[in-house]
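Chains as they are written, first to last, in the UniProt record's numbering: chain A, 1 to 259; chain B, 1 to 259; chain C, 1 to 259; chain D, 1 to 259; chain E, 1 to 259; chain F, 1 to 259.
These are calculated hints, taken from the structure and not from any lab test. There may be inaccurate statements among the hints.
The list makes no distinction among identical chains, and a pair is therefore deemed to hold if it is satisfied within one copy or across any two copies.
Unchecked claim - Think about it this way: if two alpha-carbon atoms lie no more than 25 Å apart in a straight line, the pair counts; the simulated SDA-like pairs of lysine to any residue are:
#	residue 1	residue 2
1	K249	A9
2	K101	E74
3	K101	Y178
4	K101	L150
5	K249	A194
6	K101	P63
7	K13	T185
8	K13	A137
9	K13	K249
10	K249	G34
11	K101	R147
12	K249	M176
These numbers come from a predicted model, not from an experiment.
6 protein chains.
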Amino acid sequence: MTPLHQLFATGTKAVNGWCAIPSPITAEIMARQGFDLMTIDLQHGLIDYQSALTMLQVMQPLPAPVMARVPWNEPGIIAKTLDAGFAGLICPMINTPDDAKRLMQATRYAPLGARSFGPTRANLVHGANYAQTANTAVSVFAMIETREALGNLDAILAVEGIDGVYVGPSDLALSMGYQPTLEPTATEVLDAIAEIATRAKAAGRCAGIHTGSPEMIRRMFAQGYDFASLLTDARMFASAIATQLAAVKQTSVETVKGY
Amino acid sequence: MTPLHQLFATGTKAVNGWCAIPSPITAEIMARQGFDLMTIDLQHGLIDYQSALTMLQVMQPLPAPVMARVPWNEPGIIAKTLDAGFAGLICPMINTPDDAKRLMQATRYAPLGARSFGPTRANLVHGANYAQTANTAVSVFAMIETREALGNLDAILAVEGIDGVYVGPSDLALSMGYQPTLEPTATEVLDAIAEIATRAKAAGRCAGIHTGSPEMIRRMFAQGYDFASLLTDARMFASAIATQLAAVKQTSVETVKGY
Amino acid sequence: MTPLHQLFATGTKAVNGWCAIPSPITAEIMARQGFDLMTIDLQHGLIDYQSALTMLQVMQPLPAPVMARVPWNEPGIIAKTLDAGFAGLICPMINTPDDAKRLMQATRYAPLGARSFGPTRANLVHGANYAQTANTAVSVFAMIETREALGNLDAILAVEGIDGVYVGPSDLALSMGYQPTLEPTATEVLDAIAEIATRAKAAGRCAGIHTGSPEMIRRMFAQGYDFASLLTDARMFASAIATQLAAVKQTSVETVKGY
Amino acid sequence: MTPLHQLFATGTKAVNGWCAIPSPITAEIMARQGFDLMTIDLQHGLIDYQSALTMLQVMQPLPAPVMARVPWNEPGIIAKTLDAGFAGLICPMINTPDDAKRLMQATRYAPLGARSFGPTRANLVHGANYAQTANTAVSVFAMIETREALGNLDAILAVEGIDGVYVGPSDLALSMGYQPTLEPTATEVLDAIAEIATRAKAAGRCAGIHTGSPEMIRRMFAQGYDFASLLTDARMFASAIATQLAAVKQTSVETVKGY
Amino acid sequence: MTPLHQLFATGTKAVNGWCAIPSPITAEIMARQGFDLMTIDLQHGLIDYQSALTMLQVMQPLPAPVMARVPWNEPGIIAKTLDAGFAGLICPMINTPDDAKRLMQATRYAPLGARSFGPTRANLVHGANYAQTANTAVSVFAMIETREALGNLDAILAVEGIDGVYVGPSDLALSMGYQPTLEPTATEVLDAIAEIATRAKAAGRCAGIHTGSPEMIRRMFAQGYDFASLLTDARMFASAIATQLAAVKQTSVETVKGY
Amino acid sequence: MTPLHQLFATGTKAVNGWCAIPSPITAEIMARQGFDLMTIDLQHGLIDYQSALTMLQVMQPLPAPVMARVPWNEPGIIAKTLDAGFAGLICPMINTPDDAKRLMQATRYAPLGARSFGPTRANLVHGANYAQTANTAVSVFAMIETREALGNLDAILAVEGIDGVYVGPSDLALSMGYQPTLEPTATEVLDAIAEIATRAKAAGRCAGIHTGSPEMIRRMFAQGYDFASLLTDARMFASAIATQLAAVKQTSVETVKGY
Ligand SMILES: [Mg+2]
Ligand SMILES: [Mg+2]
Ligand SMILES: [Mg+2]
Ligand SMILES: [Mg+2]
Ligand SMILES: [Mg+2]
Ligand SMILES: [Mg+2]
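So that you can see chain A by itself, here it is in the shape it has in the complex (with noise of 0.2 Å):
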């Protein structure tokens, strides 16, 4: 079990601060801000490798553990992000057994899989034996996001090495037949979501989730998810901004822009 794997048996609920926009002070200030988890998200953020980098050793001496989302299950990609040092990794799109054991096979170490070795900078912030507490510690999260990967769930759950799920309920909804949103409303999203924490928990693994609200955490940790999103740094950003500038103006807040 990783380390969070072990705080999420504790029945811990982690708040996840989501980084999108590319800048290690912005990273810098979420991170101060009490967030129990954080992650830079290089897919849908606006942030590559080598800004994620910098933003990571500004995040990583804090308290909070810091994990990536990478832009695709590429081994590439995933190789050079967990040498970085991140905690975890969240892959976008696992929807067959397949693709859980690539992921796997480029996360994990031999002989569980084949991910190459030179951890550059995690050895120097996860400590010289990184090699052999790297396949337990490292959290690897599959993203559960379309119809298929709610059809192959149990077989992508029995993957080994495969710590658990982050679902995307955008891309869920999207791939479901309705409009994406982080805050589904049709019942048979919600239903699939629900799903997916049930028996992520039966077959012993973590859930995550991505969420548009506040209020929309609390729900999520009461189906049973360990950990959940919020919305993006910059989509806050935004609606601080524009909710600020309409009270001066004392006009009403616009609808916030921007993922």
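We have chain A already, so just place chains B, C, D, E and F with the ligands on it with the hints.
Below, chains B, C, D, E and F with the ligands alone, put in the same frame as chain A:
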């Protein structure tokens, strides 16, 4: 009269977005929320020339004019900033008429001043006749933020080429013996703030001020200020994150950290 | 039909500025010279995602739409590029209908394709209804640049969600057994280029091409191409410097170095 | 034969400086210490394309040729790296002849391979006839670093366009069931390392290897290796600082942290 | 008394790591080797404000306090540096009491000095009451490095708000007519160095010094210096690489190049 | 005599490439076109110290010496620039002998001047004896660009340690009451330009000038100028793009925008 001066002459009250985060992404998000003016802060902001240049490039094509606050009344950085093509410049700590004259010398072309010619990007964005238009098109604001400056206010306002004043409430309060804050409450400080606007307008100059809240902006507009800045992007960002996180955890909002 | 498609449908011929230099300054200078379209080249250009993002931010508010050429038909970088908010995307080496289908999958939201939802900056600049508009508002061009692609042209053109083709003359010549050049002279290559436009237009698709000179652009427009790119910023820059320096030294201009 | 191949054919043994730190300053310091070759590591190094490009620009005019190790056998990043103008390329995890063929396809122009043409910076630094010279002037090394690759060694060596092999001792040891280390001691691993050089030379190919110490480099040269890399810049830097600090505090030197 | 002052009052001798390389990666490696203090050099280091800010962010959460050496006694850069949140500041070339008073003015809030208020990041990391604590929590060191400064030493030490002195042996030697070196051997220079510590301590101030070797650090501690810096990261890096390369080639180590 | 001075003493006329774009890529393209000298402009160029450092690293190994123009006669930035290892320095607005003496103080080591010692990169590239060679190896040019400077020309030329003058025609024209232009036509300005070269050469100093065209460079060489700069990279780039685009559209070339 500069375009800003002309704008204010019609009675328009401008809300100024204040950028302290060195990021073209946060700059763009700010600039798309509807501020009337934007300012990039090279003094207390975490921003130097090269970062400010890129941020300016991103914001300039959008409707709101973009100004810079320079770190100090030093000709090297003032000239570089103006050559980048800013629509206006705010200079801290103009405490004496001599300070104001040196500011004017650094910001105005001969025969009025002694600004060195080489408007590399300014020419590109403001047109090939920038040499002829710059002295009247670029706004220059002297910060009035010490007791000494108050004593010299009329003499500072009389310096040709200075378009107006900008009040720093924190430094003004500190200089007068009070705690520094963007929302001063001491009567002596409040009276000084009111008087600065009155005397600036009487001298035919513009007046701007930094504030700590939407409510204070409206009070300042009522006192005659032409434009007012709202906190900083960094502080509003930190507040917003803290507020959302408190909503998840159903705790009260912590005091916002950061200037 | 995308906006570009609609534009071309009126008979407009668009000159495309091509950015290979990783700099928001050169990007801005390019974008202010009057091109009808702009493209940032992440394939052969010296530009990666993070640099391209900033360049896009600088160019997007200006009138010409900005496209990206991605380095490869790989879902990770394609999704990041689209989420940044580009108006169109050019993908190299689409040689088979299967290549084209995978490109479509990566660029179109369900139900047409499988693009993952999270348009962080695209939402900011294209509006909150981007989820509904993206599939028809973003142009996707498949590069036709091998003999194999020529053989599969009609099948590639038939893939729904591919708006048009973009010809790479250097690769096409190389693939057909000739020296790579932006201004091919071999009849076989010239015939292929002419045929691509004809068949693309017959299929109701747009057609663009890279060129090596202003004269070639006019020839390509006459052959039916909707838009054409002129060399690269880097090559035009090198040529210009060499020409000016030769004028000083009164020597003949050296052959321009660089792609 | 590439220039490197020709060099090695004379019996020259080359010491390869290995850059994992993303900085043009450390790159320049490295490159001025007298290495015979330099490599920028985009796989386990903390370096992506844009950083590597600038580092290459700084090092290339100096005497030692500069190679890149790419993060993975993926055509997009391979092409970008070559277009930047590197003198050679090392690709990790070439385990099968098919891996080697795909590497060759991505690195060699037609008719041998299918590398896309557009050598933006390569043309600038290697001359206008790069289209004719690249296939024989750029060295391509396949990493042999798994038990599977050992089994396929002769078939990999037989792929035309692959100039040689590069051994990763850590991954090789890990794949064979031992702890990963740059200085393996298990006989089975040492025998494999010796055999790779022998078979590569027998096939008329070059052979290089990563090492953990100056002494190991000399042993590898004695076994027939043409070039060998010494640790990483990051690890030598950390060791040097720790050693100096221990000398101040008159403590024994701590075990060096970091890959 | 600042925290550093209090620390030194207990007799603690601090080894100071000196960063001249503009890289968050080398900064982090340095900071994790066990120094008691860290300093980022914006004067002779290859580092400007924006780079220093990121390096500070990376190092600050680690145990050793981080100071900055500013490029000059200029209020603009001094204020920006302090607002970034450094624990201390070293200012070069304080040769007269007037220099020291201007340094104090720029670094201390009213009523003691005239530092402008706006501690954007300092507030974030040092707490919301930074306005009250900064004058006693931030250490300010005046560099004593010329014959003129020696003559004015007691007067400089008497300026309130200056916490101590920092000796630059190279400049001191050069100013006294000797070759500049971090390890002076001229008796006159050595005597001056000894005297500076004695008089600083007599005045109740701290004393630090730059050195050229671990041995010199121990001598300086014995003479009463509270903290001492060891060469630079750049010079130790170059030495380490040269030493390792010489070990490979079994040649003697070349003289280390670089300051 | 500096190397540049010695070069000019033989009658060599040097064409100086002028970099205003903050990019190592454009810098490298410029530096490979055959200029005799290169200058990075930190004053009116869009370039600060950190960008200039990287550009210098890229250009320095190439044949042409690289100089910097600093933003102002301020010791902090002058010292940083010299420590980076530039071969020469151009300082704007040297209007009085006192300005020239302060420039000399900041650029020359004791006993001549008071430059602070710490040539971090200069040592690396110019050799370990830089302390001994710098005062005679680094060229320092005072800009003569105001009517006041003309009046003080002989006294400025008499300051030991100033190697020569550099004329800024735009500022000179502006200061004399004419429109600023790199190609002045007013007789009074032209006479002043001619006289500066004559008096500089009579005093045994070098003379350089900025120009607006290849033709003007040849005229300036005929008047005795040792070196001359051609426009800026930015302006030549903009002109080239505009010219090519006009050729496509068969319109006349627009007036080039930008300094
Ligand atoms: Mg998703
Ligand atoms: Mg203030
Ligand atoms: Mg192509
Ligand atoms: Mg390996
Ligand atoms: Mg010194
Ligand atoms: Mg000038």
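Outcome of the hint check:
For the identical chains of this complex, K249 and A9 are inter-copy neighbours only, at 20 Å across copies versus 49 Å inside a copy, given an alpha-carbon limit of 25 Å. Within a single copy, K101 and E74 get their C-alpha atoms as close as 12 Å, and across copies as close as 19 Å, so both meet the 25 Å cut-off. Only between protomers do K101 and Y178 lie at most 25 Å apart by alpha-carbon distance; the minimum there is 23 Å, versus 29 Å within a single protomer. Taking the shortest Cα distances, K101 and L150 sit within 25 Å of each other both inside one copy (16 Å) and across copies (24 Å).
Proximity of K249 to A194 under the C-alpha cut-off of 25 Å is restricted to the inter-copy arrangement: shortest distance 21 Å between copies versus 42 Å within a copy. In the homo-oligomer, the alpha carbons of K101 and P63 never lie at most 25 Å apart, since the shortest distance is 31 Å inside one protomer and 41 Å across protomers. Only within a single protomer do K13 and T185 lie at most 25 Å apart by alpha-carbon distance; the minimum there is 23 Å, versus 42 Å between protomers. Taking the shortest alpha-carbon separations for K13 and A137, only the intra-copy value of 19 Å comes in at or below 25 Å, while the best inter-copy value is 38 Å.
Only between protomers do K13 and K249 lie at most 25 Å apart by alpha-carbon distance; the minimum there is 10 Å, versus 39 Å within a single protomer. Taking the closest pair of Cα atoms, K249 and G34 come within 25 Å of each other only across two copies (10 Å); inside a single copy the shortest separation is 31 Å, beyond that limit. For the identical chains of this complex, K101 and R147 are neighbours both inside a copy (19 Å) and across copies (20 Å), given an alpha-carbon limit of 25 Å. Proximity of K249 to M176 under the C-alpha cut-off of 25 Å is found in neither arrangement, the shortest distances being 41 Å within a copy and 31 Å between copies.
In terms of the numbered hints stated before, the structure departs from hints 6, 12, listed from lowest to highest.
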